[in-house]
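Engineer: Here's the letter readout for the chains.
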Amino acid sequence: MMRTVLNNGFPILLAALVVLFGVLSPSFLSLANIMGILHAMVPIVVVASGMALVVMLGKLDISVGAIGFAGMSMAAVLIDGQGWSPLAASGVALLVGAALGALNGFVVVVLRVNPLIATLGTMIAFRGLALQITDSRVVVLPDAMRNFGNWTLGPVFFDVILAGAVLTIVHLIHRETPFGRTVTAIGNDEAAARRIGLPVGRTVFVCFVASGILGALGGILGAAQVGAVTTFLGKGMEFTAVAVVVVGGISLFGGRGSVFWGVLLGALTFEIIRAGLNHVGANPYFYQLIGGGIIFVAMYAAALKAQGSRLSD
Amino acid sequence: MTPLLTMEGLRKAYGTVQAVSDGHLTARSGEVMALLGANGAGKSTMMNLLGGLVRPDAGQISIAGEAVSFAGPTDAIRAGIAFVQQELSVFASMTVAENIFAGDFPTRGGRIDRVAMQDRARVLLAQLGARIDVGGPVERLSTGERQMVEIARALRRKPRILIFDEPTSSLSAPEKARLHAAIRDLKAQGVAIIYISHFISEVFDIADRITVMRNGATVAERQASQTDQPEVVRLMLGDIGAAGRIVADDVTPGPVALQVVGLTAPPRIREASFELHLGEILGVWGLLGSGRTELVRGVLGLDGPVAGRIALRGQGGLAPASPRDLRAATAFVTEDRRGEGLLLPFSVSDNIALPNLDTLSRGGVVQRVRVRDLALDLIGKLSIKVSGPAQRAGTLSGGNQQKVVLAKWLASTPTILILDEPTRGLDLAAKDDILRLAVDLAAKGVAVLLISSELEELMRVSHRYLIVRERRVAGTLPGTATEADLIAALSAPVAVPA
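Those protein sequences? They're chains P and R, same order as listed.
When you line the first sequence up against the working numbering, it's residues 1 to 313, in that order.
When you line the second sequence up against the working numbering, it's residues 1001 to 1498, in that order.
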């Protein structure tokens, strides 16, 4: 009984929240509002998909927000100053993401720096790089890009479909391929993975590159939604992404959890609470307090669950 | 027939410790070769060399007559060597089949072919006679079942040479029988098997040939049919003369410092009664797994509550003592220097001062001068080789690190000193220093309890022996006991009452 509640805690909590906000403000459950919630989730779902892979390894990448900002800054300058097409410039942004991710991977795998420290350093450096590229200016993107970011197919925003596809692909890679299973093995016991000859270094490196690419994609999609690159782009995104995967039940120690359900439920939790509080006219600062509370509750539930499984051994 | 594997003249040192000084062995297809030796004999290092986990300083490994050199475990795997290590390498949250195929998943169009993988996993496990759900996570399995998963993984690679390091230490009797049946099957298929075990009777069940190592060197090779258990034990332990003794046989022990009556905490300790006197060194003699460490940990109440009576000498004579009282009166030194709280980045004097900060500080402020004086005093007394009290503990040799641990405890002037394998991993000179320290302390009236797997070491310093067998105290022997008496005591009933 206790186990059932713990294992399904978040779906139950989510459903309760939806009902609560629906009662407090009936328009919360309108189709337009639900679509709006999904739309707002797009950047974080993409970034958290990459983060999920890294966390599955038992590591962290807190430079993803800065990578999104750096990649998109490069794209914005190319579009604004050089007249590149948004599509080609976005391709460059993804390449920047891959390159910066590779740098993270190099520092973690080859120089053996603790991932948290390594990406804390690169987070600051990448953000500095981005500010250099844009000269700390706000760059307004062309209408074509903003239209893309807010393009709808029927009631559904196109970028929601894109984010869903990204999340599903990452999930399938994690679940169904030798690479994905190696990620889980490393997250379970990195020393054992080395002992039996799994390609630990290569796998970790690839995960950081993937995290960089998805960080950049998150930056592109986020900027396209608002139609501009500001110095706030991607700020705090890395911590929200970590919170999303943890709340979604992916263990920070690695090796446990589902990418698809973890990211989806984690992102839904945060966005529903944000949108719901907004909808009922709560003080916006209140949201941060609640957000912190949710992370605490999720971690406590995970600790209880770990205790429960030990007791049943 | 030329052997499939030959290892010749291997040498490997870790720092100043010569783990293997002259290692030789051969393994043949279709044969089980048992590698035996006491703790620290160099068996694990030999297997780590063969498994590509460490590289030799000198010597040659040849497979099927060709010299090989392994840069890492992957090279050894490619050469057809599979290593079932004592330390399990399983991934708890992954399925049994995934664990078996980690590193070589069968795929179909980029996706793991789960059907094929699970079918093959079932076949491998069936070979071992293990009935395990291949789709379930490994974390639901018992330790024995996890070991089967690990062995199945080794078999998956179709090895030519298969190493088992203590494969049965966590297996139940039926599991062990199944493993042995599987090993016989593999042997029939022409695999060369290297089998390491502490259980000598088990080795005679399964092995065709026996290689014995002692102190880093291969000392003998015998056909199993042409030797017996006593000879093998003698080869493992070597010739031990009483000549090396550094204590007198006829010490008059002081009054009883610690009295233990009917100590019981199944399954760790079944029944233990003994007395430890002030001024004596009581050597605890038993095989690995007999419950030596569990016994002393049980006395100190380190593993949870125990039944039985424990009395400790205080000002008014022997009085019942709580585990807390006992721990306050006892210094407990083990082979695990870091686990004992030696902080490697800290200086020698800080390490010595840490557990004694209360007595070294005034008004909440640590008195640096007193710390320095205490450190200098103990460095001198224990002849710790340092440039000064400020030298970092991590830069010392193992023997000197162990002395710092001792110094740490001695600063609080304990009545009882428990040494649990205090010299493991140390070189000969350092071993000697530590033993002499124990003798000096006993001469000053400290009651010393010494656990050692090395009979030679035990025979050099023990005033009396406490025989531990199958989790019980089986009796005591006087310091004049011979090597033969002590070896006999491991299997026969001990005549002398406790």
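No wet-lab data here; the hints were simulated from the structure.
Keep in mind that this is a model prediction, so the values were computed, not measured.
The beta carbon of each residue, even a glycine, is placed where N, CA and C say it ideally should be.
A couple of the hints might just be wrong.
Chain P is faced by these chain R residues, among others (derived, beta-carbon under 8 Å) [to be verified]: (1) E1066; (2) S1069; (3) P1073; (4) S1089; (5) F1091; (6) A1102; (7) F1105.
Engineer: Could you run down the list of hints and mark each one as holding or not?
Structural biologist: Structure-based check of each hint:
1. The interface hint given for E1066(R) is broken, as the beta carbon of that residue sits about 21 Å from the closest beta carbon of chain P, more than 8 Å.
2. For S1069(R), the interface hint is violated, since its Cβ never comes within 8 Å of a Cβ in chain P; the closest pair sits about 17 Å apart.
3. Restraint check, P1073(R) versus chain P: the minimum CB separation of about 5 Å is within 8 Å; hint holds.
4. Taking 8 Å as the C-beta contact cut-off toward chain P, the hint placing S1089(R) at the interface holds, the least distance being around 4 Å.
5. For F1091(R), the suggested interface contact is upheld, since its CB lies about 4 Å from the closest CB of chain P, less than 8 Å.
6. Given hint, A1102(R) at the interface with chain P, holds; its Cβ is 5 Å from that chain's nearest Cβ, closer than 8 Å.
7. The criterion of a C-beta within 8 Å of any C-beta in chain P is met by F1105(R), whose closest approach is roughly 4 Å, and the hint holds.
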